[in-house]
Amino acid sequence: MAGLIIAESAIFTIFVVAYLFYLGKSITGPTPREVLETPIFYTICLLSSSLTIHLAAKSLERDYTRLFLGFWLLTIALGGLFLYGTAQEWHRLIYEHGLTISTNLFGTTYYSLVGLHAFHVTAGLIMLSLVAIFGLIGRMGVSQSDRIAVLSMYWHFVDAVWVVVFTVVYVLGR
Amino acid sequence: MSSNVITVPVGQTEARPWVDELHQWLTTVDHKRLGILYIGSALLFLAVGGVEALIIRIQLMHSHNNFVSPEVFNQMFTMHGTTMIFFVAMPVLFGFANYLVPLMIGTRDMAFPRLNAFSFWLSFLGALLLYFSFFGGSGLYGAGSAPDVGWWSYAPLGARAFSPGHSSDYWTLALLVSGFGSIGTAINIIATILCLRCPGMKLNRMPLLVWMNLVMAGMVLLAITPLSAAQIMLLIDRYLGGHFFDTQAGGSAVLWMHFFWIFGHPEVYVLIIPCFAFMSEIIPVFSRKPIFGYPVMVAATVCIAFVSMSVWAHHMFTIGMNSYANSFFTLTTMAVGIPTGIKIFNWIGTMWGGRIQFKTPMLFSIAFLFQFLVAGLTGIMMAASPFDWQLSLSYFVVAHFHYVIVGGILFALFAAFYYWYPKMTGRMLSERLGKWHFWLFLIGFHLTFDVMHIPGLLGMPRRIYTYEPGRGWDTLNLIVSIGAFIQAVAILVFLANLIISYFKGARAGNDPWDAWTLEWSTSSPPPAYNFAIVPTVASRRPLWDLKHPEDPDSRYE
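In order, the protein sequence lines correspond to chains P and X.
Position in the first sequence (first residue = 1) + 53 = the numbering used here.
Position in the second sequence (first residue = 1) + 7 = the numbering used here.
Source of the hints: derived by calculation from the structure; they are not laboratory data.
Careful, some of the hints might be misleading.
What the hints assert, rightly or not - Covered, in the sense of this in silico footprint (three residues per stretch, anywhere, with C-beta under 8 Å from a C-beta of chain P), are these stretches of chain X:
| no. | segment |
| --- | --- |
| 1 | 159 to 172 |
| 2 | 232 to 240 |
| 3 | 245 to 251 |
What the hints assert, rightly or not - Ranges between beta-carbon positions, derived for each pair:
| no. | chain 1 | residue 1 | chain 2 | residue 2 | range |
| --- | --- | --- | --- | --- | --- |
| 4 | X | Trp-128 | P | His-144 | 32 to 42 Å |
| 5 | P | Gly-194 | X | Gln-255 | 55 to 65 Å |
| 6 | X | Thr-325 | P | Thr-220 | 32 to 42 Å |
| 7 | X | Trp-32 | P | His-144 | 44 to 54 Å |
| 8 | X | Trp-128 | P | Gly-194 | 32 to 42 Å |
| 9 | X | Ser-76 | P | Gln-141 | 19 to 29 Å |
| 10 | X | Tyr-246 | P | Gly-151 | 16 to 26 Å |
| 11 | X | Phe-335 | P | His-144 | 37 to 47 Å |
Said to hold, decoys possible - A few chain P residues that don't get close to chain X, going by computed Cβ distances all over 10 Å:
| no. | residue |
| --- | --- |
| 12 | Glu-114 |
| 13 | Glu-149 |
| 14 | Gln-197 |
We put the beta carbon where it would ideally sit given N, CA and C, even for glycine.
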């Protein structure tokens with residue numbers, strides 16, 4: 054998983070570099086300053102899901118399966134909420150501001166960077182949900198805690214990437 | 008190393024029906040079989056890419072030749088480059104890594120056997136996708152067209168307007184898919200080496216081959232991914248109307264070059280470091296001396312990996328970077344020469360005073376040392392940006408990188424084939440055919456690629472499908488083409504050797520070269536489980552310890 058994370062980091066790095074390189078190079082509008090709103094609430098959701106997954110993994114290590122399941126479902130809910138936030142933002146950008154991936158350079162780089170991240174959140178949510186299903190039918194126990202640790206590592210990585218994306222897109226990019 | 012003479016019970020050898028056998032090969036997760044699948048598919052595409060090279064050389068044999076049309080010529084050099092890098096060099100090196108790493112560190116298999124199989128089939132699918140473009144490149148109804156925009160696919164050539172149809176899409180998808188395969192294999196190699204070493208195999212006792220494959224896998228993670236990212240961007244441009252590399256909407260063609268070469272240059276080291284690894288195993292065995300300067304070799308490898316990550320823009324001196332960037336990339340590029348030089352000195356140091364046996368693997372290794380040195384020297388010449396302004400995009404560059412890839416990588420691979428073939432099949436390759444192969448290939452190689460420097464210096468640009476007579480290029484190009492055909496004959500000798508020796512070669516036994524690393528302690532070919540008893544090692548040369556209990560290496564460590 055550490056190897057995968059290194060490789061994924063390199064992919065994200067390239068997309069971040071492309072985003073930064075093309076900042077302010079769009080020939081036509083809309084510009085980030087005009088249309089972007091900082092998604093503080095959804096960011097807090099995603100970041101706190103890192104905490105809940107950590108608590109879930111710790112609970113599983115001590116064999117508190119019910120507590121584990123609770124934290125795990127909370128993590129999924131927070132991640133889902135974040136995805137909903139992204140979807141809403143995209144909906145607003147497309148229908149109110151007419152910004153699509155082919156509108157201008159900002160659109161191209163914004164949708165691909167944020168979309169790449171959202172894709173990773175989605176992939177993570179699918180894996181988390183699988184675990185949740187196993188949990189609900191009572192198959193999760195302390196013997197699985199190593200695997201859960203690996204999965205939670207991935208989830209932490211997705212969150213850490215969001216910190217970078219957030220900084221680049223919503224702080225530096227405006 | 009007490010009870011490690013492994014007596015391997017012979018498995019059931021009843022002949023199975025061939026459908027069964029095929030099914031086993033297709034569904035295998037055994038690292039040895041996957042290694043052989045990698046190597047076999049690479050040999051197949053070596054033949055295909057070689058034919059493409061011959062078509063290029065026939066076309067350039069004399070001026071105003073009409074052997075193929077300009078369009079086909081463009082397809083040929085694109086396919087030749089893409090095939091040779093992604094579907095010959097990478098798979099064959101991964102194949103050897105797959106086969107040898109678990110054996111050398113005394114374990115049963117790779118860390119993730121199913122991921123291993125998945126990675127192989129991904130990269131094979133990539134190759135099939137690329138070649139499907141010949142049939143489906145213009146959509147299902149029309150005649151096919153292979154990608155024809157060069158293996159760099161420089162923007163805006165890759166854009167929809169300039170490469171209509173789907174040929175470029177097949178190229179993009181092929182590289183994306185095989186790239187994911189490479190990442191999977193790299194993760195697998197790293198996990199295997201870090202987690203599955205046998206007792207006593209400390210990091211500083213690992214064979215150098217294992218060390219260098221570890222470094223190579225680390226580089227794959229950082230080098231292949233930028234290419235994957237750039238391919239995703241290109242797909243967004245082509246299918247979703249994005250503007251990453253669309254200069255008319257403010258996008259940048261230069262950014263594609265940067266992304267491509269951030270992949271492209273480390274890729275050279277991804278390919279050459281496993282070849283260094285072969286040299287570091289083969290030269291000591293045939294010099295009958297342990298490797299000279301083991302820690303320095305490891306340090307130099309890691310050093311090369313780091314420095315090579317910051318040299319990419321030396322492919323781009325002619326695009327008009329500022330003088331600071333030019334100086335930076337000139338200096339970093341020259342700096343790579345230092346650790347590489349250390350390695351060459353270490354190999355010579357290993358040979359110095361040894362009792363050298365001139366078997367075929369050693370012949371190829373010695374040729375590698377000489378040719379890789381020359382390739383490095385022309386590399387240093389072109390690292391000087393003013394010199395590069397003159398010669399960039401000329402045949403001098405083509406000669407230089409073929410010197411690296413053929414004179415370096417391919418020669419090292421041949422050495423590896425002759426060295427490990429007995430382990431993989433249980434039969435020795437014929438020395439007689441091997442000598443024929445070596446001398447023919449050596450002569451053909453030098454005829455082609457030594458001479459190729461000269462038309463480059465005389466100003467012949469690369470990627471032209473023909474040229475005017477009377478520029479002094481005709482004779483030189485004819486010699487280059489003749490050399491190419493001699494190399495082709497040598498490859499045929501090699502393939503014949505592989506096939507004939509498989510059936511008629513002398514039995515190899517466990518350890519035909521009197522070598523020192525763990526793969527030689529098990530039978531040839533090794534059983535599915537590799538080692539009946541997990542070996543324990545006490546030094547860098549476990550088999551030496553075993554054969555010379557009166558004077559083991561472990562006493563000096």
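Go through the numbered hints given earlier and state which of them the structure violates, listing their numbers in rising order.
Hint check: 1, 9 fail, others pass.
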